[in-house]
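As they're listed, the protein sequences go chains U and E.
Per the working numbering, the very first residue in the first sequence carries number 1; after that it's consecutive.
Per the working numbering, the very first residue in the second sequence carries number 679; after that it's consecutive.
Honestly, the hints are just simulated from the structure, not real lab data.
There could be a bad hint or two in this list.
[Unchecked claim] Across the chosen pairs, the derived CB separations fall in these ranges:
| no. | chain 1 | residue 1 | chain 2 | residue 2 | range |
| --- | --- | --- | --- | --- | --- |
| 1 | E | 1325 | U | 650 | 12 to 20 Å |
| 2 | U | 666 | E | 1325 | 29 to 37 Å |
| 3 | E | 765 | U | 645 | 29 to 37 Å |
| 4 | U | 92 | E | 992 | 42 to 50 Å |
| 5 | U | 521 | E | 1176 | 57 to 65 Å |
| 6 | E | 772 | U | 328 | 52 to 60 Å |
| 7 | E | 1172 | U | 437 | 36 to 44 Å |
| 8 | E | 1330 | U | 634 | 28 to 36 Å |
| 9 | E | 835 | U | 91 | 31 to 39 Å |
| 10 | U | 540 | E | 1314 | 20 to 28 Å |
| 11 | U | 666 | E | 701 | 57 to 65 Å |
| 12 | E | 1289 | U | 437 | 53 to 61 Å |
| 13 | U | 644 | E | 1229 | 35 to 43 Å |
[What the hints assert, rightly or not] Listing some non-contacts, in silico: residues in chain E with all C-beta distances to chain U over 10 Å:
| no. | residue |
| --- | --- |
| 14 | 822 |
| 15 | 994 |
| 16 | 1013 |
| 17 | 1022 |
| 18 | 1087 |
| 19 | 1116 |
| 20 | 1163 |
| 21 | 1168 |
| 22 | 1207 |
| 23 | 1210 |
| 24 | 1232 |
| 25 | 1298 |
| 26 | 1306 |
| 27 | 1346 |
We put the beta carbon where it would ideally sit given N, CA and C, even for glycine.
2 protein chains.
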Amino acid sequence: MKHSVSYPLTLSQFQASEGFWKDKMELVRKEVIPYQWDMLNDRVEGAAPSYCMRNYKTAGKYIRENKVEDSFSNNLEGMYRGFQVLPKDPENLEDTFYGFVFQDSDFSKWIEAVAYSLSNHPDAELEKIADEAIDVVCAAQLENGYLDTYFIINGMSGHFQNLTDLHELYCFGHLAEGAVAYYHATGKDKLLKAAMRYADYIGQCFGPEEGKRKGYPGHEEAEMALVRMYEATGDEKYLNLSRFFVDERGKKPYYWDSEPSCHGFRFWAKRDENDEGYQYHQAHRPVREQDEAVGHAVRAMYLYSGMADVARLTDDETLREACRKLWRSTVREKMYITGAIGSTHVGEAFSFPFDLPNDTAYAETCASVGLIFFARRMLQMEADSEYADIMEKALYNTVLGGMALDGKSFFYVNPLEVLPQASRKDARKAHVLPVRPKWFGCACCPPNIARLISSLPMYAYTENEDTLFMHLHMAGKVSKQVGDKTALFQVNSNMPWHGKVDICYCGRESTDMTLAVRIPGWCEKWQAEGIEKFDQRIEKGYCYLTGTWTEGTNISFCFEMVPRFYQADERVREDIGKVALMKGPVVYCAEEADNGKNLHLLQVIPEGEIREEWSDILGITLPVLSIQGERKTPASTLNTLYTPYEKNTYEATEVKMIPYFAWANRGENEMTVWLRQK
Amino acid sequence: MKHSVSYPLTLSQFQASEGFWKDKMELVRKEVIPYQWDMLNDRVEGAAPSYCMRNYKTAGKYIRENKVEDSFSNNLEGMYRGFQVLPKDPENLEDTFYGFVFQDSDFSKWIEAVAYSLSNHPDAELEKIADEAIDVVCAAQLENGYLDTYFIINGMSGHFQNLTDLHELYCFGHLAEGAVAYYHATGKDKLLKAAMRYADYIGQCFGPEEGKRKGYPGHEEAEMALVRMYEATGDEKYLNLSRFFVDERGKKPYYWDSEPSCHGFRFWAKRDENDEGYQYHQAHRPVREQDEAVGHAVRAMYLYSGMADVARLTDDETLREACRKLWRSTVREKMYITGAIGSTHVGEAFSFPFDLPNDTAYAETCASVGLIFFARRMLQMEADSEYADIMEKALYNTVLGGMALDGKSFFYVNPLEVLPQASRKDARKAHVLPVRPKWFGCACCPPNIARLISSLPMYAYTENEDTLFMHLHMAGKVSKQVGDKTALFQVNSNMPWHGKVDICYCGRESTDMTLAVRIPGWCEKWQAEGIEKFDQRIEKGYCYLTGTWTEGTNISFCFEMVPRFYQADERVREDIGKVALMKGPVVYCAEEADNGKNLHLLQVIPEGEIREEWSDILGITLPVLSIQGERKTPASTLNTLYTPYEKNTYEATEVKMIPYFAWANRGENEMTVWLRQK
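Whole structure, please, built from the sequences with the hints as guidance.
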């Protein structure tokens, strides 16, 4: 086991080649990051203000002017509206806190994306903006290290009093992640030091020692973040605090029940006959006793990711086994074919096993981002390609689909079937938007896409002492330290459109090491060339090539990538009698723009021929697949809804399918992933 | 046109024969009415108290003791929880109002059912209980005629201040309906006089005259009820007040917007870009401009019924045309095959056209009761069998299905597909109960079933001067006054199980008259015997037989009744590729009890043979149909949710189908009406 533990590359070890992912990273750099900065500063016309940077400035002013009060008071009416404080008069803002209680984290996710972007593409101007923003944020930190504008502004007696709902430890986590990333990218440690001081304060309040509180986050995130701090600083107290949070979770009696809960409400805590209260927060049982993915999907993924981190670093087998069970529950019972998870909007949560409705799906972008976090951490523990397969699936489908092709609008919810009039007229589908909006008041998804895409090499490759793991075949130059030598590979691939991967060793120095190349799960046949001189071993979906790598060594893998129809497990009621189409890791869908209205009248012939043709959508050239299908012959207009059965007749038609991630880029229209099979 | 206007029989004109409907009426008499009475008096263990009779007694006490206050105050917190005031300490009730604001109407619906039951089956003991209850209710009436315990107890300044939400005119309407029915049944007019005094008070407050308010009910019901008062008393002022309510509805600016709205909230009023606010209440436009059935389905049916009454009695062609449009919208675009309407639980409302999901259906029992009200009123205006077809469909399927076979439990929601674990675990389907509960806090459906079934002859037959219309072929003795002679028919039928209807004229006196027999829409072939001597005319689905009827005249109709598969309009997305099974007016369904779990794995062969066999469910013998189908061969257990497509294999199986109305009588289990067709 132990030998396969691995760590992500640092971004400086990778330089992306021109092509698919470079384009996406550039989109994030050029479009998303500047737009986000405008959003954080309430400068986007027509968008609801974020108040994020404003809150930091207000908190800084309170500190400067000694106005921080102890006694907590806030606008309860505002709170009731989903953890949000809205101004009474938006034209006349007061010196107070506005927006969601977790608004601070918007800055943190932005700075994290900025950090990755600076690693990939240095930019003095952007770095200056970031440094100034960091100054604003650090000026909002209290002497004792506490840093959360909601309580600094509203009164400190409220802080850490309602961990269940009020997101302080979540915000801390994002701050820490952003701080570590910015430190790695720039070497500047101002924000990291602030995060460490805050972490130290948290460690004074919470911990196993007598007199400290036994609390843990209501929205998980600090667990992962503390591990990153540990890995960045080497200071074990951060790892210990993370493990403490993981270990305390779900113990009974619930710590949360003993909280003064200063706001007098609990949003999601529900007890049922099986005493499975706090399922929403994954705190219904100690984590080692959990075996089903439940509750708020993003929270779940963040917790499981933190658990996997702790399990790996503490070599904790029971925790590792819990991670495996939760993984299996997630991906074998509760995941859409697009790698989306969390099928109900009620609580943005998991539903019961195999309940995966396509048209009411919640399938939050952030939940799939979280699934990718979890997958990579499982991969780090054990190089099993199942984890990478799912990581790739979530990435190419739900996460990419969460952003428009031009990077200017975003989905929070990623349905697999859309009828625009239903979204407009049926309150049960009001969350299913047929077109991406510019931004969201609760702006978790766009920044999460931004930070994931700009740090993608950390998911595409991991390494340990002597092995470089290639999970996603991402094209670019990869370097790796092997003892005192530097290995260097040039990887050429046109993923996700072609299955050919060329790998050239272009390091000046020869190295003795192993390259472990993932054999994708979607590939039924593959071959490799030039690998004869290496020791070869296939294990858990990876091809391990061990030997001496010298300059000019060329190897190549050819993974057969043919469009193929898929069926769902028969327990997925909504997909019975239907098929979906994939090419490699990319899920396809049918849109009204290509196939006319009433997609439900189509059925496809899974044995039929599939024709591939490159075509333009919003200026991006993509492989479009044409499949053989049939359209129901229109019934003669009748005046009654129900008529005696007559054999339905169908007319042959070609159904045009586009990559799912490219849907909803041509205005509002119907879309479906699953089509009835003939 | 005018010649076909007709009126329901009075119950004394009909005496049911032993058999299907007699059994149901007896069930209501023996089970439902006594149980309801216990409920109204909070004597049912385990059931949430109704507080209905208690409120009347409390109000009476306030009046006796001169404690009725002007200044209104109530428990706003309670109100917020869905119009309901719950006691702080259920063990120590105070002298105040409890329950839903519309709780008074529970008595009224009960007394209406009692009245019909007494007509069908005199019962001195029940009549005594009813008389005493009426005394309690009448003691709660104010001197000025006002009678609503919620405001009498909480303070009269609140009365008629929030017509939109607070159901006063709805409660009045039910009181009036109950009063008219009790008067017809017993000749006793105490309650009728109370209702008239209340109506007179309402007429002083609202009306076209200067100085009177231009309001109308937030929940329609008074419209129908005032017409019944007019028909019972002959006093046109009641008809005029009904017409006033109909005419004012939806005029802009909205009367409701000018209300002081003493409670500071509006539950359902929503304005959208098309200024279609108040759709929930069908008050978004003047009724003559409405052409789509929208909003709360029960409210809609009650309004349309009132509109049809007014149109008929005032010979108002524009109003009649609006009724026709709303009828067509309801039954041709928004009705399930079971005659259920209102497909979304959000607002218990209509969704957009052809949006008829089976598994999340709301399909409230009361809405189908309302559809039957509407249908009979349309029939009264024009004898077109389309109306009777729908009336029959709603009756035999949704309404009957709303009550258990033993009359002891009830559905509020009538889905067409149920997976019990979804109801338990998926909040989106929490309203879809897999087993009938004993009663409901908001107890509208059980009493509505009771009053409909016990007055069924008023729907089965209507008459005008010279014609008796037989809509539902209900078996029994029917008498009809023709001039100074009494016609008498003995109708024998085994509807809904056999298509043979024997009609024997058994009046001593010969009469010259017309018998109009409906040719059911589900019947493709029919023949009649013994009708040669009459003038025969087929018009809009009725066979008119005109001539002299003499004792011993025997005629018979044979309506072919074969089990038949049906398909839905292709615009109903949820039913595409599926079929349903009907025998005559009865819709069938497949249950887990007969077919095992995972009904979605079944598909049926619509061309296959159908086998009929009588079988017992809960002691009731019903025709069970066995159809030819196939069950998907279990897939080999796989560890992944999505696998490359392989041709599915199926094994032949017989699928056992039972009448939909008999579902959920054998414990919790899966059920579906629509099955995939091969």
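We went through each hint and held it up to the structure:
1. 1325(E) x 650(U): 12 to 20 Å: holds, 19 Å
2. 666(U) x 1325(E): 29 to 37 Å: holds, 34 Å
3. 765(E) x 645(U): 29 to 37 Å: Violated, since residue 765(E) and residue 645(U) (Cβ atoms, about 54 Å apart) do not stay within the stated range.
4. 92(U) x 992(E): 42 to 50 Å: Once the Cβ atoms are compared, 56 Å apart, the range 42 to 50 Å for residue 992(E) and residue 92(U) is violated.
5. 521(U) x 1176(E): 57 to 65 Å: This hint holds: roughly 60 Å between Cβ atoms.
6. 772(E) x 328(U): 52 to 60 Å: holds, 56 Å
7. 1172(E) x 437(U): 36 to 44 Å: For residue 437(U) against residue 1172(E), whose Cβ atoms are near 60 Å apart, the range 36 to 44 Å is violated.
8. 1330(E) x 634(U): 28 to 36 Å: holds, 33 Å
9. 835(E) x 91(U): 31 to 39 Å: At roughly 38 Å between Cβ atoms, residue 91(U) and residue 835(E) fall inside 31 to 39 Å, so the hint holds.
10. 540(U) x 1314(E): 20 to 28 Å: At roughly 22 Å between Cβ atoms, residue 1314(E) and residue 540(U) fall inside 20 to 28 Å, so the hint holds.
11. 666(U) x 701(E): 57 to 65 Å: holds, 60 Å
12. 1289(E) x 437(U): 53 to 61 Å: holds, 56 Å
13. 644(U) x 1229(E): 35 to 43 Å: With Cβ atoms ~41 Å apart, the hint holds.
14. 822: The claim holds: residue 822(E) sits with its nearest Cβ about 40 Å from chain U, beyond 10 Å.
15. 994: holds, 25 Å
16. 1013: Violated: least Cβ distance 6 Å, not greater than 10 Å.
17. 1022: Answer for residue 1022(E): violated, closest chain U Cβ roughly 6 Å.
18. 1087: Answer for residue 1087(E): holds, closest chain U Cβ roughly 21 Å.
19. 1116: Correct as stated: the minimum Cβ-Cβ distance to chain U is 19 Å, above 10 Å.
20. 1163: Holds: least Cβ distance 40 Å, greater than 10 Å.
21. 1168: holds, 33 Å
22. 1207: holds, 26 Å
23. 1210: Given a closest Cβ separation of 31 Å, the condition holds.
24. 1232: holds, 32 Å
25. 1298: Correct as stated: the minimum Cβ-Cβ distance to chain U is 26 Å, above 10 Å.
26. 1306: At about 14 Å from chain U, residue 1306(E) clears the 10 Å cut-off, so the statement holds.
27. 1346: holds, 15 Å
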